[in-house]
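Q: So the sequence lines, in the order shown, correspond to chains C and F.
For what it's worth, the numbering used here labels the leading residue of the first sequence as 259, then goes sequentially.
For what it's worth, the numbering used here labels the leading residue of the second sequence as 765, then goes sequentially.
Quick caveat, the hints were computed from the structure, so don't treat them as lab data.
Even glycine gets a Cβ: it sits at the ideal position worked out from N, Cα and C.
Treat the hints with care, since some could be wrong.
With a straight-line Cα cutoff of 16 Å, these simulated EDC-like cross-link-like pairs (lysine to aspartate or glutamate) come out [to be verified]:
{"#": "1", "chain 1": "F", "residue 1": "Lys905", "chain 2": "F", "residue 2": "Glu849"}
{"#": "2", "chain 1": "F", "residue 1": "Lys921", "chain 2": "F", "residue 2": "Glu1035"}
{"#": "3", "chain 1": "F", "residue 1": "Lys1020", "chain 2": "F", "residue 2": "Glu1067"}
{"#": "4", "chain 1": "F", "residue 1": "Lys1020", "chain 2": "F", "residue 2": "Glu1035"}
{"#": "5", "chain 1": "F", "residue 1": "Lys1032", "chain 2": "C", "residue 2": "Asp386"}
{"#": "6", "chain 1": "C", "residue 1": "Lys326", "chain 2": "C", "residue 2": "Asp386"}
{"#": "7", "chain 1": "F", "residue 1": "Lys876", "chain 2": "F", "residue 2": "Asp1103"}
{"#": "8", "chain 1": "F", "residue 1": "Lys1032", "chain 2": "C", "residue 2": "Asp412"}
{"#": "9", "chain 1": "F", "residue 1": "Lys1032", "chain 2": "C", "residue 2": "Asp517"}
Label pairs and their in silico Cβ distance ranges [as the list claims (entries may be wrong)]:
{"#": "10", "chain 1": "F", "residue 1": "Asn1226", "chain 2": "C", "residue 2": "Leu292", "range": "28 to 38 Å"}
{"#": "11", "chain 1": "F", "residue 1": "Glu1155", "chain 2": "C", "residue 2": "Arg564", "range": "51 to 61 Å"}
{"#": "12", "chain 1": "C", "residue 1": "Asp412", "chain 2": "F", "residue 2": "Pro1063", "range": "27 to 37 Å"}
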Amino acid sequence: MLSRVASSIYWMSRYLERADNVTRFIDVNANLILDMGRERKDAQWEPLVRATGDEEIFNNLYKEYNEKNVINFLTFNKKNPNSIISCIHNFRENSRTIREVISSEMWEVANALYHLVMKHSRKHKIDDLQEFFIEIHNYNSLFTGFIENTMLHDEGWHFARIGRLLERADKTARMLDVKYFFLLPNLDYIDTPYDAVEWGSVLKSVNGFEMYRKQFHRVNYKNVSEFLILNEHFPRAIRYCIHSISRSLQHIINTLGVDVLISLKINKLRITLDEANINYILDNDIHKFVDNLQLKFNAIDEELDRIFFNTTISV
Amino acid sequence: MVFELYDTEDFYDELINNDGSPRKEAIPLVECIKSLPNNILRCRQREAENTLYQQGITFNVYSEKKGTEKIMPFDIIPRIITAKEWNVIQMGLKQRIEALNLFIDDIYNEQKILKDNIIPKSLVLSSECYLKQCKDISPPKKIWIHVTGTDLVRDNKGEFYVLEDNLRCPSGISYVLQNRFIQKRTLPKAFQKMCVHPVSDYGDYLYETLRHSAPEGIEKPNIIVLTPGIYNSAYYEHSFLAQQMGVPLAQGSDLKVINNHVMLRSTKGFERVDVIYRRIDDEFLDPDVFNKDSLLGVPGIMECFRKGTVTLANAPGTGIADDKAVYAYVPQMIKYYLDQDPIINNVPTFICDNKKDLTYVLENMESMVVKAVNLSGGSGMLIGPKSTAQEREEFSEKIKKNPRNYIAQPTIALSRTPTIIGKNIEGRHVDFRPYILYGKSIFVLPGGLTRVALKKGSLVVNSSQGGGSKDTWVLKDNFHNSKTTDQHCKTTKL
Chain C
259 MLSRVASSIY
269 WMSRYLERAD
279 NVTRFIDVNA
289 NLILDMGRER
299 KDAQWEPLVR
309 ATGDEEIFNN
319 LYKEYNEKNV
329 INFLTFNKKN
339 PNSIISCIHN
349 FRENSRTIRE
359 VISSEMWEVA
369 NALYHLVMKH
379 SRKHKIDDLQ
389 EFFIEIHNYN
399 SLFTGFIENT
409 MLHDEGWHFA
419 RIGRLLERAD
429 KTARMLDVKY
439 FFLLPNLDYI
449 DTPYDAVEWG
459 SVLKSVNGFE
469 MYRKQFHRVN
479 YKNVSEFLIL
489 NEHFPRAIRY
499 CIHSISRSLQ
509 HIINTLGVDV
519 LISLKINKLR
529 ITLDEANINY
539 ILDNDIHKFV
549 DNLQLKFNAI
559 DEELDRIFFN
569 TTISV
Chain F
765 MVFELYDTED
775 FYDELINNDG
785 SPRKEAIPLV
795 ECIKSLPNNI
805 LRCRQREAEN
815 TLYQQGITFN
825 VYSEKKGTEK
835 IMPFDIIPRI
845 ITAKEWNVIQ
855 MGLKQRIEAL
865 NLFIDDIYNE
875 QKILKDNIIP
885 KSLVLSSECY
895 LKQCKDISPP
905 KKIWIHVTGT
915 DLVRDNKGEF
925 YVLEDNLRCP
935 SGISYVLQNR
945 FIQKRTLPKA
955 FQKMCVHPVS
965 DYGDYLYETL
975 RHSAPEGIEK
985 PNIIVLTPGI
995 YNSAYYEHSF
1005 LAQQMGVPLA
1015 QGSDLKVINN
1025 HVMLRSTKGF
1035 ERVDVIYRRI
1045 DDEFLDPDVF
1055 NKDSLLGVPG
1065 IMECFRKGTV
1075 TLANAPGTGI
1085 ADDKAVYAYV
1095 PQMIKYYLDQ
1105 DPIINNVPTF
1115 ICDNKKDLTY
1125 VLENMESMVV
1135 KAVNLSGGSG
1145 MLIGPKSTAQ
1155 EREEFSEKIK
1165 KNPRNYIAQP
1175 TIALSRTPTI
1185 IGKNIEGRHV
1195 DFRPYILYGK
1205 SIFVLPGGLT
1215 RVALKKGSLV
1225 VNSSQGGGSK
1235 DTWVLKDNFH
1245 NSKTTDQHCK
1255 TTKL
């Protein structure tokens, strides 16, 4: 497979997942605001931008962290490279450069989603985005369904999966961060009914509420954190993502017959997560833990780029 | 009912006789359209365009913002070519391509045709399209023009003429296939009744053509399509063709020449490439040899081509026969190389480089079409009957300054065909571009791109200037034996 094509498949997948996650971020936040009551209304939009790591771009574009600015920034602002509109644009451009590799069905979904986002962006409305977000989720599911059912499950499919799951692991980590930004100043909240409601919102935003219930029955911060970080079977849990990435990577490495360091790196991360204990993570600094994870995700991304996408292996 | 007011205005019409009755072969189609209420027809028209939009079958418009996309307007009333007409077209094109290929090979090698004074040597060697870098090269199996998209026009007597040969990187084939795909959904009943040749196997033929042209000794060649990238106006087509053949679509930056071989950067490392269906123009192909600023090409690729380690389809240098002044000599080429008379004629062409022709052109500009020899897409052109005195004056100056650069042809009243315009059906001028593949034998795809000038009275069919396209139905031979044929068609379809 062409290096450029592998890279485009990977990024196609990442950008779609990223756009999908932005809607989940906004959703978590909106729910938290509703649950927490009015008095904190004004302060609640900044953490969202901080958690996405794009404060600098935001500060260059807006004066104030209010609902309107933040949502606009995250959804339809083309100057934000990680806004939904930018992600979907990049998602489609990547799909377009590999249109001969992906199936027509996938391409048509990419195209339709792009036109949908463009249509919504022209309305200049930021309220009432629920329906729009649901449509993005549905398109994402449709697209991944087509990846599953219309593409060869070969190298390209594995790169698509790595892109999607690495992005997802990263965003699940950041989502936890958003939540902790809210809670840490107010440790009193922990284990109160409020807490249960709030963590319930987080679970709903990642479509994990029902699955969580099956395992833990009652909602509390410790179990939710464990579920989102260390669960082996929940497809948005960080550990699940890393396991799958590891398997896909191994598959690629076997197919290509190359021996590369990256598998060592990912295996180390996998073992860390396998052996991690949630009490230990929570007793220490969860920010630090999340930060550390993100550094590792970035390192994996860089390795992928170095080894497979900008291939320097000689003949 | 929509045909009641239709007026052919004494043009040759592809579907309707001058008395208003449908041509014999077009009866089922016209009946079908007549049976549809007006709004249904327009509704289907909109649906068809919507499908094109959803599928992203768009071309990029250079003049507008980067990445602006438009669909090429598609008219759902097809154009019909009868089996009898097709037979002539097919034979004529095969003959022409064979002669043109021999000509190109001759020009870059022995130059017999010049030595025998059939074509003036100075005319050929002075052409911008003559590539000295191709001298003494003979590509595998001596095939230069693997893919051709010849432009044919029809005059008001219904006679076909070759307008241009397009021997370099002809585009539009993806529209032929997609138009058919949509057309089958739009007018399925008429389509079924008429026994139309399929076109969807073009990818198979193209693949086979490329495979056949691989460097000698390579049994299973590695074939790729080379595109300038997603901002090229024909990018959709490049990816479509790669998809139809199941081969990689590469950009210049994906390729690198190592030890006289073109290599593809893959996740595995470098892989050798044997055949490149390149959709990059000659001048951008290799910055070492041609345009030094080209970022689209591959440095060193020409040297590989010279050494025969890679096949380029089409071969560089084929443009020499696209020069419109050289084109004027194709009938002589056919006679010289094949000892035959041309089956399809050229449009009579006046070469301004000839004193006598020049005088005639300057005196009769009002009735002629004047063209720059090396431009296509309807640019650099003066349509005499539609021009103002000032435009003609300006053009005369240009011609006198550089007569080698211009030719002129009588204005042909292009044939027309019924086209949906707003709420009505009106006649619009069309041309026709069939596609020819030169592999083991010469194959003409039974179909092609009918381009239609949507502007009333306009003779310019190019998509960049308000042109649209239509599906072209080449009918099978046995169309007229009513029942038995119907049966036959149905069973062959199954």
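Q: Please write out, lowest number first, the hints stated earlier that are contradicted by the structure.
A: 1, 2, 5, 10
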